[in-house]
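Model the placement of chain B on the given structure of chain A, informed by the hints.
Protein chains in written order, with the numbering used here: chain A, 624 to 739; chain B, 28 to 140.
FYI, nobody ran anything at the bench for these hints, they're computed from the structure. Be a bit skeptical, because a hint or two may be false.
Unchecked claim - Covered, in the sense of this in silico footprint (three residues per stretch, anywhere, with C-beta under 8 Å from a C-beta of chain A), are these stretches of chain B: (1) 38-48; (2) 118-126.
Claimed, not checked - Selected chain B positions facing chain A (in silico; Cβ < 10 Å): (3) Ser55; (4) Tyr63; (5) Phe137; (6) Lys139.
Yeah, the Cβ is synthetic: ideal placement off N, Cα and C, and Gly gets one too.
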Amino acid sequence: EAGVAQSPRYKIIEKRQSVAFWCNPISGHATLYWYQQILGQGPKLLIQFQNNGVVDDSQLPKDRFSAERLKGVDSTLKIQPAKLEDSAVYLCASSISSGTDYNEQFFGPGTRLTVL
Amino acid sequence: AQSVAQPEDQVNVAEGNPLTVKCTYSVSGNPYLFWYVQYPNRGLQFLLKYITGDNLVKGSYGFEAEFNKSQTSFHLKKPSALVSDSALYFCAVRDPGGFKTIFGAGTRLFVKA
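Just chain A, same shape as in the assembly:
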């Protein structure tokens, strides 16, 4: 079974530039998550999709971050414009959704973003 795919693995940009990250979840997984993991901290949920609908985006800085999952499969997270404090690892995860909320999440390798 293929895991969660993310690209790129690494990205270096200047502040005020834009950047996009891509995620392809495990086939058949209805729920997709984007997390931000700052060095020395645990992952923080940015946005959660159930199929192509948003379940939770309460911690997504909507003035600069956006995400979409148009066909209920792969997803894109965008930052525009980037700030220095956006330097972090961006993790994508997916889980089977069967109407319950205790399924474990499967994580991709992450994208390490450095904003200079």
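Just chain B, lined up with the frame of chain A:
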């Protein structure tokens, strides 16, 4: 609001000795609790979870965790540590009926040969 605490930034243990990585939580109602492990340059991997039932849950790689409702804890344990267990461990909690999983800050486990 739900929260989770991992009071130790790092745990050091000798190979062959038992290990414990601590986790406490705060949530309304009965929690769903998880442990994940992160190896260098790899994504987080699920180890085990507590949903209901037996307070002692067993997971991957010989790990187990004990749910203690009165102490609101969910400590991760292994009877005999391996050098290959050295990694970053995250405890996570989800409020039943809620959508969000909250992760702790992580505990780095270092197993010395």
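- Task: Output the numbers, in ascending order, of every earlier hint that fails for this structure.
- Result: 1, 3, 5, 6
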